[in-house]
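Asks: Letter by letter, the chains look like this.
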Amino acid sequence: MAFATSDPQVGSPALEQSAVKILIAGGFGVGKTTMVGSVSEIAPLRTEELLTDAGVAVDDLTGVATKTTTTVALDFGKITISPQIVLYLFGTPGQERFWFMWDELAAGALGAVVLADTRRLDSSFAAIDFFEHRQVPFIVGVNCFDDAPRYPVEAVRDALDLDPDVPAVLCDARDRESSKAVLATLLEHLIDLGTAARA
Amino acid sequence: MEYESEFDISPGPLVRPFAIAKGRTRPGRYDLDMITLVVALAPADRPGLMPEYAEILEAAQRPQSVAEVAAAVNLPMAVVKVLLSDLIERGDMIFRSPPARTTQRPDPKLLQAVLDGIRNL
Ligand SMILES: Nc1nc2c(ncn2[C@@H]2O[C@H](COP(=O)(O)OP(=O)(O)OP(=O)(O)O)[C@@H](O)[C@H]2O)c(=O)[nH]1
Ligand SMILES: [Mg+2]
Numbered sequence: 064m065a066f067a068t069s070d071p072q073v074g075s076p077a078l079e080q081s082a083v084k085i086l087i088a089g090g091f092g093v094g095k096t097t098m099v100g101s102v103s104e105i106a107p108l109r110t111e112e113l114l115t116d117a118g119v120a121v122d123d124l125t126g127v128a129t130k131t132t133t134t135v136a137l138d139f140g141k142i143t144i145s146p147q148i149v150l151y152l153f154g155t156p157g158q159e160r161f162w163f164m165w166d167e168l169a170a171g172a173l174g175a176v177v178l179a180d181t182r183r184l185d186s187s188f189a190a191i192d193f194f195e196h197r198q199v200p201f202i203v204g205v206n207c208f209d210d211a212p213r214y215p216v217e218a219v220r221d222a223l224d225l226d227p228d229v230p231a232v233l234c235d236a237r238d239r240e241s242s243k244a245v246l247a248t249l250l251e252h253l254i255d256l257g258t259a260a261r262a
Numbered sequence: 044m045e046y047e048s049e050f051d052i053s054p055g056p057l058v059r060p061f062a063i064a065k066g067r068t069r070p071g072r073y074d075l076d077m078i079t080l081v082v083a084l085a086p087a088d089r090p091g092l093m094p095e096y097a098e099i100l101e102a103a104q105r106p107q108s109v110a111e112v113a114a115a116v117n118l119p120m121a122v123v124k125v126l127l128s129d130l131i132e133r134g135d136m137i138f139r140s141p142p143a144r145t146t147q148r149p150d151p152k153l154l155q156a157v158l159d160g161i162r163n164l
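Chains S and U supply the protein sequences, listed in that same order.
When the count follows the working numbering, it moves up by one through the first sequence with no breaks and lands on 262 for the last residue.
When the count follows the working numbering, it moves up by one through the second sequence with no breaks and lands on 164 for the last residue.
Possibly wrong hints are sitting among the right ones.
Straight-line alpha carbon distances no greater than 20 Å define the calculated EDC-like cross-link-like pairs of lysine to aspartate or glutamate that follow [said to hold, decoys possible]:
(1) Lys-152/U <-> Asp-255/S
(2) Lys-243/S <-> Asp-180/S
(3) Lys-243/S <-> Asp-159/U
(4) Lys-243/S <-> Glu-104/S
(5) Lys-152/U <-> Glu-251/S
(6) Lys-243/S <-> Asp-255/S
(7) Lys-152/U <-> Glu-79/S
Stretch-level coverage of chain S by chain U, calculated; a stretch enters the list once three of its residues show a Cβ under 8 Å from a Cβ in chain U [as the list claims (entries may be wrong)]:
(8) 148-155
(9) 167-181
(10) 247-261
No lab work stands behind these hints, which were simulated from the structure alone.
C-beta: ideal position from N, C-alpha, C; glycine also.
So that you can see chain S by itself, here it is in the shape it has in the complex:
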């Protein structure tokens, strides 16, 4: 692996780790922050990104302090994988008007989990479209809300019109083991894609 690093200085605390990220996406209220929180080793953190009146990301700070801006919150968690690798999980903002952020979020992401709620599957269509178009590998986690009707995962796949090679699994975002299993499914899928590409 190659890393871009600023000049390390002699006697400085070494920066031995590098970071990777996975996105937890899906419609509004689908359980993204809950899933981040259930597997993260820290309580989910939140950062604010600036949004101009027009709803676009602020990328030039000139005069920002005197303009009307709003912010959009990003929730994220962290898993220390090894002394060399730290994994960040970013819950993507659910509302469509925040999608301008998705490009920065998607850049360099290993992959994504799209959470779906069977009561309103349509709210996850947009995330699926986005990742398909950007060629960000993803899997679908069907979040089992208590009062939602249970459907076989095949029925959900059909309703979402998923490609046959995109894994879909049932999950409970509140449950740590279930969320771990979802992430493991994503990683297995990523490894399979790599193997297929090299074959």
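Assemble the complex: chain S is given as a structure, and chain U with the ligands must be docked to it using the hints.
Replies: Same frame as chain S, but now just chain U with the ligands:
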């Protein structure tokens, strides 16, 4: 949130960092991503250091991502990236970018390590 009114009435907590960062654009002098890791090389309690820089150094005495630093100092990432660039330029911090990819796909060894790490949680 309206920074404008804060600016007009009383300088809110965000005004100073904006004033320090202002006029400098996001791509900045370093290519800092939200998961670029940074660590302070200098103590945070150096006399004369502006409080915004001191807070960032304090937050990054151990390696942290840009996103974590932003959360810790409660400033938008766009502002934090500019302030971090200042600190890196002065040699008060170092950074490490995420693994570079030679191809579209991440390194299979990296993926396997992440999978093992998740299973072992
Ligand atoms: N029964 C059940 N409830 C869940 C599950 N996942 C999340 N919830 C609940 O659903 C609500 C919304 O969850 P969040 O994690 O805030 O959803 P979100 O996707 O982050 O929402 P936004 O960021 O607002 O788009 C919370 O009250 C959760 O407790 C689940 O798997 N099962
Ligand atoms: Mg949320």
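Asks: Evaluate each hint against the coordinates.
Replies: For each hint, the structure was consulted:
At most 20 Å may separate the alpha-carbon atoms for a hinted pair to count; Lys-152/U and Asp-255/S meet this at roughly 13 Å. Of the pairs offered as hints, the one joining Lys-243/S and Asp-180/S holds, with about 19 Å between alpha carbons and a cut-off of 20 Å not exceeded. Distance hint between Lys-243/S and Asp-159/U is fulfilled; the C-alpha atoms sit about 11 Å from each other, no more than 20 Å. For the hint pairing Lys-243/S with Glu-104/S, the CA-to-CA distance comes to about 12 Å; that is within 20 Å, so the pair holds.
Of the supplied pair hints, the one linking Lys-152/U and Glu-251/S holds, its CA atoms being roughly 12 Å apart against a limit of 20 Å. For the proposed pair Lys-243/S and Asp-255/S, the alpha carbon gap of about 18 Å is at most 20 Å, so the pair holds. In summary, the hint linking Lys-152/U to Glu-79/S is supported, as the alpha carbons are separated by about 17 Å, within the 20 Å threshold. Only residues whose beta carbon comes within less than 8 Å of a beta carbon in chain U count, and the region 148-155 of chain S has 5; three or more means the coverage holds.
Counting residues of the region 167-181 of chain S whose beta carbon lies closer than 8 Å to any beta carbon of chain U gives 5, which reaches the threshold of three, so the coverage claim holds. Check on the region 247-261 of chain S: 9 of its residues sit with their Cβ under 8 Å from a Cβ of chain U, so the three-residue criterion for coverage holds.
Checked against the numbered hints above, the structure breaks none of them.
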